Amino acid sequence: MKIKGPIAVYEEGINTDDITEAALLKYSAKDPEGLRQLGLACLQRKPTVEGLPLIEEGESQSKYKIIIAGKNFGCGSSREQSPYALAAAGIELVVAPSFAPIFWNNVFSSGIPLKVRTLSQDLTTIPPGFIQTGKIWTYHSGANKLFYSGEGKGKMEFTLNPLSERDAKLEEAGGLENYALQNFRY
Amino acid sequence: MGNSYTYNVFGTHTDDIVEPGRAVNLVVDQTMIHDVTGCAAISVAKDLLRRMGKEKIKNPDSVVIISDHYVVTKDPSAIRNHDILRKFAEEQGIEHAFLTAQGYDGDYAKVGKEYFGVCHQLMPDKGLFLPGMTLFGADSHTCTAGGFGMLGIGVGSTDAGISMVTNMGLQEVPKVMNIRFEGILPPHLMAKDMILAVLQKIGREGGAGYIAEFTGDTIKNLTPMEKLTLCNMTTEGNFLTGIIQPTHSLMHYLIPVARRPFQEIYTDKDAEYHKTITFDTQSLDALVALPHSPDNVRPAKELGGIPVQRVYVGSCTGGKYDDMYAFASVVKGHKLKTEVFVIPATMAVAEYIRQERIDGQTLDAIFREAGAYNATGGEMGPVGCNACLGGPSDTVGYVKEPINVVSTTNRNFEGRMGSKKAKIYLASPLTAAATAIAGEITDPKEFV
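Read top to bottom, the protein sequences are chains Z and Y. Take the first sequence: its letter number 77 is residue 77 in the working numbering, and every next letter is one higher. Converting from the second sequence to the working numbering requires adding 1000 to each position, the first position being numbered 1.
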């Protein structure tokens, strides 16, 4: 499958308080109205590296599809409201050099349509202007590759890191609930 | 080569091979949910039950359900969460339910007899931290359980919902890091300083892919509560969890006290670790984590001159018996310069404050005399997580102003306790006490 759309670029250390601040935790992501509120407020306290908001004022979803961020994305708490908020806001893929473990595991357990991948390449070595909020990037899941092929400097391509056994099993099953039905006894 | 304590616990909980990177089907002996993560977990559990054609959880005895995070607030969504938890506990016959009273509307005076407090202090208080067993907690500080030798993994609501129904989880086996502390812990230092030293050394991501297994004679001599504090903040270094082999005396103590079965597991003599780091405990300083990260650590003695307006003593990290004793032992006889919040982690800790004495004076009287109750209407603060994580804006201890706060809690991200302009410094209760007296960040060595 393919994810193609504008990227939003964030700094390192985006934590779960940034993504879904504490006051929002009264909402359950499994409740439709709760999920809507979480999506609307996603990353509202933290702009992109260029100072732009994830969701524009008056809009209910983000115009961006892919987040490219610095290391330790999702650090902090176990709140599963965080991955759900990103998905509800319209984000389909987050790519970073590293993620916090509980956040990462929650994405795969949840089975929601949000993908996370790590990237070994140091993005600061890439010429400026490519990793810029608004640029169109494409992700091909089969090849696990990320491409920029816009006008100007030609194609740039990154191979993302393969998934661990747990992640692959859960992505294939479509989340832990499906995996449990197939593998765990009552 | 032999197994670490960690791998021996894994080994008794899975038929799959225990080696790093492997995904194993893990038996989960106990699941904990609370009011902020529990509603989603309940939705997942109900969905799975429905798809399995069942109505009830098979082992309700293995579930612990707690209201602790957003309790002292009138926010209607927060209050509704308590109703959802209560209904589920009743429907499913969950005995280990520590919730607010039916009809609770946020008036703490009417919170009810079953409400007990912060999940990671409630569990050891109620005999629900079980050596050698596995715990999935829908809370990142579930690693606290490692202080009692329980493999406690912080998970999201989906994993917790699944383990409530099936007592199973899909767990990636981590590597094990041996963190050794050798030497006597000086009297002005606490376990909080030890874990801050770890975070300072390895950084926020240094534990990624590892479980921290603590060894060494300093560890053996820590009190049970201090062991909980040490393991509590391993999550801040991205460790999967922290764990310590329990002493014989703890396990014997737990035989009549534990509410559920536990097992004696030991580290093999020739245990293999994937990495080892060692600390000379006597050379450590009283440490402080500066805003806005728990690994931004410097010695308190280098931070003199930083004025502090508020000191917060509470949470699963720093609101326990030893923490309250330590804070009282320093502030006794002084008049405090900063605003103070004394927030007991559980009802048992609150009772302890009323009963324990230093030189004939109860901790309660010591706090009152020092002015530590001025910000909470002349009384001890309410039990619960309260402002450790901010919460709704009417939460006790919520930081509204751009002030400097020294806190015995576990995180200091921007806006963690309320205002994004506030600066939160994490420290031990001893350092917090010295700071409350001086009105600026102070090394407790000056008072101890």
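Since the hints were derived computationally from the structure, they do not count as laboratory data. Some clues are possibly wrong.
Listed next, the in silico DMTMM-like pairs over lysine to aspartate or glutamate satisfying Cα-Cα at most 25 Å (straight line) [what the hints assert, rightly or not]:
| hint | chain 1 | residue 1 | chain 2 | residue 2 |
| --- | --- | --- | --- | --- |
| 1 | Y | Lys1420 | Z | Glu11 |
| 2 | Y | Lys1201 | Z | Glu12 |
| 3 | Y | Lys1420 | Z | Glu57 |
| 4 | Y | Lys1420 | Z | Glu56 |
| 5 | Y | Lys1056 | Z | Asp31 |
| 6 | Y | Lys1046 | Z | Glu57 |
| 7 | Y | Lys1420 | Z | Glu50 |
| 8 | Y | Lys1074 | Z | Asp31 |
| 9 | Y | Lys1445 | Y | Glu1182 |
| 10 | Z | Lys169 | Y | Asp1047 |
| 11 | Z | Lys169 | Y | Glu1172 |
| 12 | Y | Lys1175 | Z | Glu11 |
| 13 | Y | Lys1046 | Z | Asp31 |
| 14 | Y | Lys1110 | Y | Glu1091 |
| 15 | Y | Lys1421 | Z | Glu56 |
| 16 | Z | Lys71 | Y | Glu1172 |
| 17 | Y | Lys1058 | Y | Glu1090 |
| 18 | Y | Lys1087 | Z | Glu11 |
| 19 | Z | Lys46 | Y | Asp1015 |
| 20 | Y | Lys1175 | Z | Glu165 |
| 21 | Y | Lys1423 | Z | Glu12 |
| 22 | Y | Lys1301 | Y | Glu1414 |
| 23 | Y | Lys1421 | Z | Glu33 |
| 24 | Y | Lys1087 | Z | Glu33 |
| 25 | Z | Lys71 | Y | Glu1205 |
| 26 | Y | Lys1201 | Z | Glu56 |
| 27 | Z | Lys155 | Z | Asp31 |
| 28 | Z | Lys46 | Y | Glu1205 |
| 29 | Y | Lys1421 | Y | Asp1075 |
| 30 | Y | Lys1201 | Z | Glu33 |
| 31 | Z | Lys169 | Y | Glu1090 |
| 32 | Z | Lys71 | Y | Glu1414 |
| 33 | Y | Lys1046 | Z | Glu11 |
| 34 | Y | Lys1113 | Y | Glu1090 |
| 35 | Y | Lys1074 | Y | Asp1295 |
| 36 | Y | Lys1421 | Z | Asp31 |
| 37 | Y | Lys1046 | Z | Glu33 |
| 38 | Y | Lys1420 | Z | Glu12 |
| 39 | Z | Lys71 | Y | Asp1295 |
| 40 | Y | Lys1275 | Z | Glu165 |
Since the model is a prediction, treat every value here as computed from it, not as a measurement.
**Message:** So if I understand the rule, the pair passes when the alpha-carbon distance is 25 Å or less; does Lys71(Z) with Glu1172(Y) pass?
**Reply:** Within the cut-off at roughly 21 Å; holds.
**Request:** Below or equal to 25 Å on CA atoms is what counts here, so check Lys169(Z) against Glu1090(Y).
**Result:** violated, 35 Å
**Prompt:** Is Lys1301(Y) close enough to Glu1414(Y), meaning Cα to Cα at most 25 Å?
**Reply:** With Cα atoms ~24 Å apart, Lys1301(Y) and Glu1414(Y) stay inside 25 Å; holds.
**Item:** Restraint check for Lys1423(Y) with Glu12(Z), where alpha carbons must lie at most 25 Å apart
**Value:** Distance ~20 Å between Lys1423(Y) and Glu12(Z) Cα, so the pair holds.
**Request:** Would you check the hint for Lys1113(Y) and Glu1090(Y), treating anything up to 25 Å between C-alpha atoms as holding?
**Result:** Distance of about 16 Å is within 25 Å: holds.
**Prompt:** Taking 25 Å as the top limit, are the C-alpha atoms of Lys1110(Y) and Glu1091(Y) close enough?
**Reply:** Holds. Lys1110(Y) to Glu1091(Y) sits at ~23 Å (cutoff 25 Å).
**Message:** With the threshold set at 25 Å, check whether the alpha-carbon distance from Lys1420(Y) to Glu12(Z) stays at or below it.
**Reply:** Roughly 18 Å between the alpha carbons, so the hint for Lys1420(Y) and Glu12(Z) holds.
**Message:** For Lys169(Z) and Asp1047(Y), compute the direct alpha-carbon distance and say whether it is at most 25 Å.
**Reply:** holds, 20 Å
**Asked** Does the alpha-carbon distance linking Lys1420(Y) and Glu57(Z) stay inside the 25 Å limit?
**Response** holds, 21 Å
**Asked** Going straight from one Cα to the other, do Lys1420(Y) and Glu56(Z) come out at no more than 25 Å?
**Response** holds, 21 Å
**Message:** Check the hint pairing Lys46(Z) with Glu1205(Y) against an upper bound of 25 Å on the C-alpha distance.
**Reply:** With a Cα-Cα distance of about 21 Å, the restraint between Lys46(Z) and Glu1205(Y) holds, given a limit of 25 Å.
**Message:** Run the distance test for Lys1046(Y) versus Asp31(Z): straight-line Cα separation, threshold 25 Å.
**Reply:** holds, 13 Å
When held up to the earlier numbered hints, the structure conflicts with 6, 12, 18, 19, 23, 26, 27, 30, 31, 33, 35, 36 and fits the remainder.
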